[in-house]
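Protein chains in written order, with the working numbering: chain A, 1 to 234; chain B, 1001 to 1257.
Please keep in mind that the hints were generated in silico from the structure rather than gathered at the bench. Small disclaimer: the values here were computed from a predicted structure and weren't measured.
Derived contacts from chain A toward chain B, CB cut-off under 7 Å, selection only:
{"hint": "1", "residue": "P9"}
{"hint": "2", "residue": "G156"}
{"hint": "3", "residue": "A193"}
{"hint": "4", "residue": "G198"}
{"hint": "5", "residue": "I213"}
{"hint": "6", "residue": "Y224"}
{"hint": "7", "residue": "P230"}
Taking lysine-lysine pairs in the DSS-like style, the calculated list, with each CA pair at most 25 Å apart, reads:
{"hint": "8", "chain 1": "B", "residue 1": "K1064", "chain 2": "A", "residue 2": "K186"}
{"hint": "9", "chain 1": "B", "residue 1": "K1068", "chain 2": "A", "residue 2": "K186"}
{"hint": "10", "chain 1": "B", "residue 1": "K1211", "chain 2": "B", "residue 2": "K1151"}
{"hint": "11", "chain 1": "B", "residue 1": "K1168", "chain 2": "B", "residue 2": "K1149"}
{"hint": "12", "chain 1": "A", "residue 1": "K183", "chain 2": "B", "residue 2": "K1064"}
{"hint": "13", "chain 1": "B", "residue 1": "K1168", "chain 2": "B", "residue 2": "K1151"}
{"hint": "14", "chain 1": "A", "residue 1": "K186", "chain 2": "A", "residue 2": "K122"}
{"hint": "15", "chain 1": "B", "residue 1": "K1151", "chain 2": "B", "residue 2": "K1068"}
{"hint": "16", "chain 1": "B", "residue 1": "K1068", "chain 2": "B", "residue 2": "K1149"}
A few chain A positions that, by computed beta-carbon distances, are all more than 10 Å from chain B:
{"hint": "17", "residue": "Q23"}
{"hint": "18", "residue": "T73"}
{"hint": "19", "residue": "L84"}
{"hint": "20", "residue": "A88"}
{"hint": "21", "residue": "T101"}
{"hint": "22", "residue": "P115"}
{"hint": "23", "residue": "K122"}
We put the CB at the ideal spot given by N, CA and C, even for glycine.
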Amino acid sequence: MQIDIGYRPAHSMAKISLNPGEQILAESGAMVGMSTNVSMTTGMQSKPGGGLLGGLMAGLKRALAGESWFRNTFTANGGPGEVLLAHAMCGDMQVVQVPATGLHLTSSSFIASTPSVNIETKLQGFKGFFSGEGAFVMQANTQDPNSQLIFGAFGGVTELVCDGNLVIDTGHLVAWDSTLTYKIGKSGGGWIASFLSGEGLVCHFQGQGRIWIQSRNPVAYGQYVGGQLPPRKG
Amino acid sequence: MQEHQPMAAHGGMPGAMPMAGGGAAVAHEITHGPSFALLRVDLQPGQTLVSEAGAMVARSSHLKMDVKMSAGKKPGFFAAIFNIFIAFIRKIMGGESFFVNHFHGGTPGSVWIAPQMAGEITYRRINPGETLILSSGAYLASVGDIEVKLKFGGLKSIIAKEGAFMLKVTGSGDLWFNSYGGTTAVDINAPFMIDNGHLVGYEGQLTMNLKSAGGGLLGFMAGGEGLVCEFNGTGRVYVQSRNTASLIGWLTPMLHG
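With the rest of the complex left out, here is chain A (with noise of 0.2 Å):
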């Protein structure tokens, strides 16, 4: 399997070139097109042997976590095929091959995976309601040192390594090693001066590995824009 993404960082798509038999899983509504040898099967992506109730329950969770009940698995048949994917918003998008250590996704940032990744959504409990990203986040876990998994972001992705302690606006949050543990808090000093600051709240990370970020708080841009919106009418 190739993944080649083009027309970065502002309106990136990602080009994925199967070789016969190879499968890839995608977010529904990613698909921009595919060769015709490729056939599309819907599904609810329960855990392996989970049968229809898990499956029901799976997709409930990631309907409540903002993502969607259904993905699709795209199959190459009887040769090479191509399916290419986007992200609903403007902007970036990554491949990363998953560690055996597992990776974090904020809910709504997955766009594919290959079929060997696991990935599930998790209630992030009382944090989670606090940190501006929704109260779920995703897990990807795989045995495959083979798997790829590409994620999406608004605006530019940049790779940040953490040696210790880095502290991430929750906003601006998209990807991170399951090595690495963190807390959500004030930015500042005090709650007072955080909340004047006007960065909210942060993700204060400690120990090893990476974190993806994205250039732009898809938040912050909504009330941006949209503060100078002429206010709707009825």
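Take the given structure of chain A and dock chain B to it, following the hints.
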């Protein structure tokens, strides 16, 4: 008329580079331009980065962040009251935030900064004696002895509902400003006109007049060009490739209540 593509538009710039007449710039890099530019500033002990409130994307944990009011440095109670007033005016009229954040630390560290809007970040060294006028909202961050003051745009600007307040940047240090879309620096030595909504900033030695783009009252009402800024003198004007008011005008009819 010459056009310069600022170095930042090519998505990156070398770290500490010597600048004519003003010492060395603080180490920094601008990436992901021109559509979604991100600024990274590498601070050394003793250096303080000042940024617009809410612009921080990430920082090294050991760097301290202090919130300060966006106006004035004078000590004393009355100065503080005056500063609150000025900061308030700036918030209401200038589109700038009431507060700024100061980042500094005892050991080297990095801060990543981004504006809210899609677009470019442009770096400029401000030398003593230089003045740069920026559109309200264009200020992003600075290092050094940089002062940002409000400048009243005149009666015409109030009628035009645009550019009522501009920002006047003076001092000595490093300045970063943001734009919607890409930024082009235009060096002029003859009268030059740009659409009001595309103006990012201009050098203080230039004179600027707001006028209708031509065609009298009808042109003003129907031409779609609204007001234009006419510049005279010799100096640099910064122009952005997109106009926020046009975006809003385009979006509004498509959003159904």
